[in-house]
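Going down the list, the protein sequences come from chains A and B.
Those letters in the first sequence? Residues 132 to 280, by the working numbering.
Those letters in the second sequence? Residues 132 to 280, by the working numbering.
Quick caveat, the hints were computed from the structure, so don't treat them as lab data.
Using N, Cα and C, we set each Cβ at its ideal position, and we do this for glycine too.
Wrong hints could be hidden among the right ones.
[What the hints assert, rightly or not] Distance windows between CB atoms, simulated:
id, chain 1, residue 1, chain 2, residue 2, range
1, A, Arg247, B, Asp255, 23 to 33 Å
2, A, Arg196, B, Gly166, 27 to 37 Å
3, B, Asn275, A, Arg247, 16 to 26 Å
4, A, Glu151, B, Glu250, 18 to 28 Å
5, A, Ile252, B, Gly153, 33 to 43 Å
6, A, Gly200, B, Gly200, 21 to 31 Å
7, A, Gly200, B, Leu179, 32 to 42 Å
8, B, Ile252, A, Pro271, 34 to 44 Å
9, B, Gly200, A, Ala148, 22 to 32 Å
10, B, Asn275, A, Gln246, 16 to 26 Å
11, B, Gln246, A, Phe237, 17 to 27 Å
12, B, Lys272, A, Gly257, 37 to 47 Å
Listed below are the residues making up each chain.
Protein chains: 2
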Amino acid sequence: MMDDAAGLAIAFEEAKASYEEGGIPIGAALVAADGTLLGRGHNMRVQLGSPIHHGETSALLNSGRLPAGAYRGSTMYTTLSPCDMCTGACLLYGIERVVIGENTTFLGGEAYLRQRGVEVIVLDDGGCVALMERFIREKPKLWNEDIGV
Amino acid sequence: MMDDAAGLAIAFEEAKASYEEGGIPIGAALVAADGTLLGRGHNMRVQLGSPIHHGETSALLNSGRLPAGAYRGSTMYTTLSPCDMCTGACLLYGIERVVIGENTTFLGGEAYLRQRGVEVIVLDDGGCVALMERFIREKPKLWNEDIGV
Ligand SMILES: [Ca+2]
Ligand SMILES: [Ca+2]
Ligand SMILES: [Zn+2]
Ligand SMILES: [Zn+2]
Chain A
132 MMDDAAGLAI AFEEAKASYE EGGIPIGAAL VAADGTLLGR GHNMRVQLGS
182 PIHHGETSAL LNSGRLPAGA YRGSTMYTTL SPCDMCTGAC LLYGIERVVI
232 GENTTFLGGE AYLRQRGVEV IVLDDGGCVA LMERFIREKP KLWNEDIGV
Chain B
132 MMDDAAGLAI AFEEAKASYE EGGIPIGAAL VAADGTLLGR GHNMRVQLGS
182 PIHHGETSAL LNSGRLPAGA YRGSTMYTTL SPCDMCTGAC LLYGIERVVI
232 GENTTFLGGE AYLRQRGVEV IVLDDGGCVA LMERFIREKP KLWNEDIGV
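Build out the structure end to end from the sequences listed, making use of the hints.
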């Protein structure tokens, strides 16, 4: 079993790892209904030159091919409010809870997730905010590229 | 320059290639405002064991890292109505038109795309329908896995 603080801590480790790789410091972890970690990952725009490997999609990718039932009751932990693509990825697989580190540096598809019946929890984590603020200050152009601005 | 029939023809070539690889026959092509092909790709669930490489996301991936301006006025051609993830991916990058081969075997996020200001065109292409119907008849379990059912 895993509580929300433990789930977010894994996502934050992923975010820090990406920062240290020179990448975009957003991380995620997908945890099954029974508390098993299915997969974890981070944004790989810089590392792979990829526009689709975000924190949440990387966590899904690293979870591998799964039948629909494996996602039932699962929680996606993410350090940052999910963008439209990652919002849609959570909806596609019927992920039931999305736990978000912070939404002050970027506000994504939280309202749409709730509208579609997903439970959304924002933890307002100071460590997540500080890491993103540092990154946005250091690499504003890279950050804009990632969010299509 | 490329008209919609030519754009869809590329997406359909990708879908057929995936079918021949034993994969899910959905393909896509991303075309810039000036008619340049930015990238093309197909679903890679089987080929890569990936839940995030759909037709549209593969076309985005194969387009590489681009600044936001490169997507301005672009069109995403896809053989099948886009799932929630691919709908969100188009929204993230501000793709302005989505041209869809068919939406009779699966209806994705078309209404949400329109609500968010994207032009959506459904070509009702008989070749796209026939290929998907054949695939769904041959591999119903694989298809359900791909759409989280
Ligand atoms: Ca993200
Ligand atoms: Ca697709
Ligand atoms: Zn994202
Ligand atoms: Zn899709």
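Hints and how they fare:
A hinted range of 23 to 33 Å holds for the C-beta pair A/Arg247 and B/Asp255, which are about 27 Å apart. Between A/Arg196 and B/Gly166, the C-beta spacing of about 36 Å keeps the proposed range 27 to 37 Å intact. A hinted range of 16 to 26 Å for the beta carbons of B/Asn275 and A/Arg247 is consistent with their spacing of about 20 Å. Distance hint check for A/Glu151 and B/Glu250: the Cβ-Cβ separation is about 42 Å, which falls outside the suggested range of 18 to 28 Å.
As the Cβ distance of A/Ile252 to B/Gly153 is approximately 40 Å, the hint placing it in 33 to 43 Å holds. Between A/Gly200 and B/Gly200, the C-beta spacing of about 42 Å breaks the proposed range 21 to 31 Å. For the pair A/Gly200 and B/Leu179, the beta carbons lie near 22 Å from each other, so the given range of 32 to 42 Å is not met. Taking the beta carbon of each, B/Ile252 and A/Pro271 are about 36 Å apart, inside 34 to 44 Å as hinted.
Checked against the hint of 22 to 32 Å, the pair B/Gly200 and A/Ala148 passes, with Cβ atoms roughly 30 Å apart. A hinted range of 16 to 26 Å holds for the C-beta pair B/Asn275 and A/Gln246, which are about 25 Å apart. Between B/Gln246 and A/Phe237, the C-beta spacing of about 21 Å keeps the proposed range 17 to 27 Å intact. At about 45 Å, the CB distance of B/Lys272 to A/Gly257 agrees with the hint of 37 to 47 Å.
This entry does not satisfy hints 4, 6, 7, going by the numbered hints stated previously.
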